[in-house]
Amino acid sequence: MNLPESYIPILIQAGVAVGFVAVSLLGAHFLGPKQKKGNSVKNQSWECGVPVEGNARTPFSIKYFLTAVLFVLFDIEIVFFYPYAVNFREFGMEGFIAVLTFVAIFFMAFFYVWKRGALDWDK
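Each residue of the sequence shown is one higher than the one before, starting from 1 at the first, in my numbering.
Rather than coming from a laboratory, the hints here were simulated on the basis of the structure.
Hints may contain errors.
Label-pair restraints from in silico Cβ distances [claimed, not checked]:
hint, residue 1, residue 2, range
1, PHE111, VAL79, 13 to 23 Å
2, ARG57, TYR82, 18 to 28 Å
3, ILE105, PHE65, 19 to 29 Å
4, TYR82, ASP120, 46 to 56 Å
5, GLN35, PHE60, 30 to 40 Å
6, LEU26, MET93, 55 to 65 Å
7, GLU90, ILE12, 31 to 41 Å
8, HIS29, GLY92, 55 to 65 Å
9, GLU94, LEU73, 21 to 31 Å
10, GLU94, HIS29, 57 to 67 Å
All residues carry an ideal CB built from backbone N, CA and C; glycine is no exception.
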């Protein structure tokens with residue numbers, strides 16, 4: 001097998017990664033706590049000695065999910081600003097107009113969300 005020399009560091013890194021995973025899994029298997037079979041009390045879902053009551057799938061307010069989605073959207077907006085901030089002189093006026101359009105679309109989305117009451121926690 002004749003590989004170019006430029007692939008050798010990648011192969012070494014992949015080998016080290018696979019080796020690290022293998023050593024971690026084997027170490028956890030041999031050094032970790034052993035579960036004794038046949039002990040039904042320890043296999044039940046108890047926490048601090050209190051029996052579980054009710055269903056664990058209680059509904060959350062949609063506000064939590066909406067806030068998370070809005071955070072991701074506006075966080076991605078910041079990620080898109082980075083290339084422009086690094087190369088703003090090379091982009092010229094055309095790049096500036098493109099960034100202004102991008103920001104305007106996101107501000108319109110922000111005001112739409114605000115007007116719809118998605119940011120009001122009191123409702």
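Checked hints:
Look at PHE111 against VAL79: about 22 Å separates their beta carbons, and that is inside 13 to 23 Å. The hint said 18 to 28 Å for the Cβ distance between ARG57 and TYR82, and at roughly 39 Å that hint is violated. In this structure, ILE105 and PHE65 meet the distance hint of 19 to 29 Å, their C-beta atoms being roughly 23 Å apart. As the Cβ distance of TYR82 to ASP120 is approximately 31 Å, the hint placing it in 46 to 56 Å is violated.
About 32 Å separates the C-beta atoms of GLN35 and PHE60, a value consistent with the hinted range of 30 to 40 Å. Separated by about 60 Å at the C-beta atoms, LEU26 and MET93 satisfy the suggested range of 55 to 65 Å. Here the CB-CB span from GLU90 to ILE12 is close to 36 Å, well matched to the stated 31 to 41 Å. A hinted range of 55 to 65 Å holds for the C-beta pair HIS29 and GLY92, which are about 59 Å apart.
Checked against the given bound of 21 to 31 Å, the beta carbons of GLU94 and LEU73, roughly 25 Å apart, stay inside it. At roughly 58 Å, the beta-carbon separation of GLU94 and HIS29 lies within the given 57 to 67 Å, and the hint holds.
In this structure, the hints that do not hold are numbers 2, 4, in rising order.
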